[in-house]
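Residues per chain are reported as follows:
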Amino acid sequence: MSTPRLSAYRSTARLALIDILHEWRVSFCLILALAAVLAPLLVLFGLKSGIVTTMRDRLLSDPRTLEVVVVGSYRLDPAWFASLANNPAVGFAIPRTRSLAATIDLQAAEGRSLAGAELVPTASGDPLLTGQAPPNGRDQVILSHSAAQKLAVSPGSQITALVARTLNGGRQVQRLPLTVGAVLPEASFGRDGAFVSLDMLAAVEDFRDGHDTPQPLQSRTFASLRLFAASLDAVQGLADQLRAQSIEVRTKADEIAMVKSVDKTLGSLFAIIASLAIGGYLLSLAASLWANVDRKRKDLALMRLVGFPPGAVMAFPVVQAALIAILGTSLSAALAGGVAWIVNTMLANTLSREEFACLLLPGDIAVALAVTVVLALLASSLGGYRAARIDPAESLREI
Amino acid sequence: MAGALLDIRDLTGNRGAGSQGFTLQIEALTLHQGEAVGIIGPSGCGKSTLLDLVGLVLRPQQAGCFRLGSHDIAALWQQDKQSALAAVRAQHIGYVLQTGGLLPFLSVRDNIRLSCDLLGLPRNSQHEQQLIKVLGLGRLLDNKPAALSIGERQRVAIARALAHKPRLILADEPTASLDPAHSVRVMELLLHIARALSVGILVVSHDWDLLSRFEVRPVQAQMAESGLTCFSDLAYRQGGQNE
Numbered sequence: 001m002s003t004p005r006l007s008a009y010r011s012t013a014r015l016a017l018i019d020i021l022h023e024w025r026v027s028f029c030l031i032l033a034l035a036a037v038l039a040p041l042l043v044l045f046g047l048k049s050g051i052v053t054t055m056r057d058r059l060l061s062d063p064r065t066l067e068v069v070v071v072g073s074y075r076l077d078p079a080w081f082a083s084l085a086n087n088p089a090v091g092f093a094i095p096r097t098r099s100l101a102a103t104i105d106l107q108a109a110e111g112r113s114l115a116g117a118e119l120v121p122t123a124s125g126d127p128l129l130t131g132q133a134p135p136n137g138r139d140q141v142i143l144s145h146s147a148a149q150k151l152a153v154s155p156g157s158q159i160t161a162l163v164a165r166t167l168n169g170g171r172q173v174q175r176l177p178l179t180v181g182a183v184l185p186e187a188s189f190g191r192d193g194a195f196v197s198l199d200m201l202a203a204v205e206d207f208r209d210g211h212d213t214p215q216p217l218q219s220r221t222f223a224s225l226r227l228f229a230a231s232l233d234a235v236q237g238l239a240d241q242l243r244a245q246s247i248e249v250r251t252k253a254d255e256i257a258m259v260k261s262v263d264k265t266l267g268s269l270f271a272i273i274a275s276l277a278i279g280g281y282l283l284s285l286a287a288s289l290w291a292n293v294d295r296k297r298k299d300l301a302l303m304r305l306v307g308f309p310p311g312a313v314m315a316f317p318v319v320q321a322a323l324i325a326i327l328g329t330s331l332s333a334a335l336a337g338g339v340a341w342i343v344n345t346m347l348a349n350t351l352s353r354e355e356f357a358c359l360l361l362p363g364d365i366a367v368a369l370a371v372t373v374v375l376a377l378l379a380s381s382l383g384g385y386r387a388a389r390i391d392p393a394e395s396l397r398e399i
Numbered sequence: 001m002a003g004a005l006l007d008i009r010d011l012t013g014n015r016g017a018g019s020q021g022f023t024l025q026i027e028a029l030t031l032h033q034g035e036a037v038g039i040i041g042p043s044g045c046g047k048s049t050l051l052d053l054v055g056l057v058l059r060p061q062q063a064g065c066f067r068l069g070s071h072d073i074a075a076l077w078q079q080d081k082q083s084a085l086a087a088v089r090a091q092h093i094g095y096v097l098q099t100g101g102l103l104p105f106l107s108v109r110d111n112i113r114l115s116c117d118l119l120g121l122p123r124n125s126q127h128e129q130q131l132i133k134v135l136g137l138g139r140l141l142d143n144k145p146a147a148l149s150i151g152e153r154q155r156v157a158i159a160r161a162l163a164h165k166p167r168l169i170l171a172d173e174p175t176a177s178l179d180p181a182h183s184v185r186v187m188e189l190l191l192h193i194a195r196a197l198s199v200g201i202l203v204v205s206h207d208w209d210l211l212s213r214f215e216v217r218p219v220q221a222q223m224a225e226s227g228l229t230c231f232s233d234l235a236y237r238q239g240g241q242n243e
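Top to bottom, those sequences are chains A and B.
Residue 354 in the UniProt record's numbering sits at position 354 of the first sequence; the count goes up by one each step and never skips.
Residue 85 in the UniProt record's numbering sits at position 85 of the second sequence; the count goes up by one each step and never skips.
Chain A on its own, in the form it takes in the complex (with noise of 0.2 Å):
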């Protein structure tokens, strides 16, 4: 004899769906009931991801953030630059003079002049230089916002760099012409700088000491460096090298851990609240789902009675359970996503176009309605263990 499963399933799903339908009203309370519980959790989780991808996307954006800043001279040769570059920590990495030698006196063509700017050596990969090409040879400059706004210039103007020496008791002015080749945004460097080619910087240097032919670049030792970590989690290990070898240098690290501990709290956090929540809510569709079979007893008895399989009348409830949890679903979503829009709103004026205070993504969305669905059909399971052990001849006793 051969068992009517396929169509004896597909019934009872048709069954499961038809009554959800017709006790509507039943139905829209469980349905309710776990977008109460699921729409407060998806908003909580937006705001986890929002503010925290707000925070890293902040950090990462500001330069300065990789940045490992070498403090004291050193006596660093190019075989130790050549090992730097292979480090993998290593973002960008470029030699510098010592910071005393590096200072230069600015004059625009107007008139207006600018003492004591920092001159910063640079190459192609320099985060602040934020995709600008670099300066060329030794009559191209690229200055700092600050520097430009005193020097009133834009870039294409010509200024006059000027290099003092004391030698032999005598004070001697180099006057070097400059192209301003770009100038930078305010947020990359916040103080008066002049960047320019490592080869401007050590021909500045070499003429402040007196050397009048330049050392080649390949074969001199340079007091300090810019070193910027190629990532975020980089930084801290970076700096540990660099420690280990007696260098000093400072990061910013604390605001990087203190991104990556709101991260770690607020996840946790939510995984308390959300195991509460869902915990409560499990229970409380199991009672719900268990007390239905208790409700129906007297239809289930019937459809076992007319030859439905046990196992057809335990998915019973399981069909149930599915349908209200990807409904309840749904309704979160919806519900959250309109909240998450709310608080983006309200928070406009405090976000850049690209940051969102509540950040919903399809795929959080996708995870939560896969485990909802899963935790359902786990909470049906009982009530639908107890259907399949419903006597059908108690359908046939007068009740």
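Among the hints, a few may not be true.
According to the in silico footprint, chain B covers these stretches of chain A (three or more CB under 8 Å from chain B) [claimed, not checked]: (1) 5–11; (2) 295–305.
Lysine-lysine pairs mimicking DSSO-like chemistry, simulated, CA-CA at most 30 Å apart [said to hold, decoys possible]: (3) A/48 to A/298; (4) B/133 to B/81; (5) B/133 to B/144; (6) B/144 to B/165; (7) A/264 to B/144; (8) A/252 to A/150; (9) A/252 to A/48; (10) B/165 to A/298; (11) B/133 to B/165; (12) B/133 to A/298; (13) B/81 to A/298; (14) A/252 to A/264.
FYI, nobody ran anything at the bench for these hints, they're computed from the structure.
Backbone N, C-alpha and C fix where the C-beta goes; we use that ideal spot for every residue, glycine too.
Since the structure of chain A is already known, use the hints to place chain B on it.
Coordinates of chain B only, in the frame set by chain A:
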């Protein structure tokens, strides 16, 4: 007696335990295609327990022979094949209950199709349309059972029990909750359709006055002692063999 639809000998079933316990014996019961048998006896004599046994929902204590069509029901119970028993119920038996017997969340139409859907049979068959016509249910098809009178519900239940062309109808006091006029009408329809479709029908009733108006072979309960009832149509069988 070859080709009997239902063939039972020495079947015993128990209900309850202790002083509430109740034992039912069916010495012999045979039902042929298109035949109507009425199980008659006062309330509490075990008629419903008999239906449970014949309806494959009560495990027999002991069975000399229990066959339904080509199925050896005694063997299926012995091997505890619940799914196979459910499949036999689904395919070969139609149940008409005293009340209810309909799913409240389904329309009349879907209730009638319950067994057909379960078996994966085509919907809206000619057979289904004919049942709806004969039972006068055409105008009620989209209603839910709650919107029907009890008489209408019993007619829907009859259609549901017959829609999938079972070979055996088990009817448990099908008219007990109806007024006398409706009782006659519903019983008449039930027996008439069963005969027309040559379906075997077993009607349990306490109302022999009603059943005796139709061509129904009676099988009487014999209450041997407290807690033991015996049914037998052995006399009929022997009579039949002598003919």
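Here's how the hints hold up against the structure:
A count of 5 residues in the stretch 5–11 of chain A with a Cβ less than 8 Å from any Cβ of chain B is obtained; the coverage claim is therefore met, three being the minimum. By the rule of at least three residues with a Cβ nearer than 8 Å to a Cβ of chain B, the coverage given for the stretch 295–305 of chain A holds, with 6 such residues. Our distance criterion of 30 Å between C-alpha atoms is broken by residue 48 of chain A and residue 298 of chain A, whose separation comes to about 48 Å. Taking the CA atoms of residue 133 of chain B and residue 81 of chain B, the gap is about 38 Å. The hint is violated against a cut of 30 Å.
Only pairs whose Cα atoms come within 30 Å are accepted, and residue 133 of chain B paired with residue 144 of chain B is accepted, the gap being roughly 18 Å. Pair hint residue 144 of chain B plus residue 165 of chain B holds up; C-alpha atoms about 23 Å apart against a cutoff of 30 Å. A threshold of 30 Å between alpha carbons decides the hint, and for residue 264 of chain A with residue 144 of chain B the separation of about 55 Å lies outside it, so the pair is violated. At roughly 29 Å between alpha-carbon atoms, residue 252 of chain A and residue 150 of chain A fall within 30 Å of each other, so this suggested pair holds.
Distance check on the hinted pair: residue 252 of chain A and residue 48 of chain A sit about 23 Å apart at the alpha-carbon level, within 30 Å; holds. A C-alpha spacing of about 24 Å is found between residue 165 of chain B and residue 298 of chain A, which places the hinted pair at or below 30 Å, so the restraint holds. Restraint check for residue 133 of chain B and residue 165 of chain B: the C-alpha separation of about 16 Å stays at or below 30 Å, so the hint holds. Only pairs whose Cα atoms come within 30 Å are accepted, and residue 133 of chain B paired with residue 298 of chain A is accepted, the gap being roughly 29 Å.
Note on residue 81 of chain B and residue 298 of chain A: the hinted pairing holds, with a Cα-Cα distance of about 23 Å set against a maximum of 30 Å. For the hint linking residue 252 of chain A to residue 264 of chain A, the alpha-carbon distance of about 19 Å falls within 30 Å, and the restraint holds.
Hints 3, 4, 7 from the list above are not met by this structure, while the remaining hints are.
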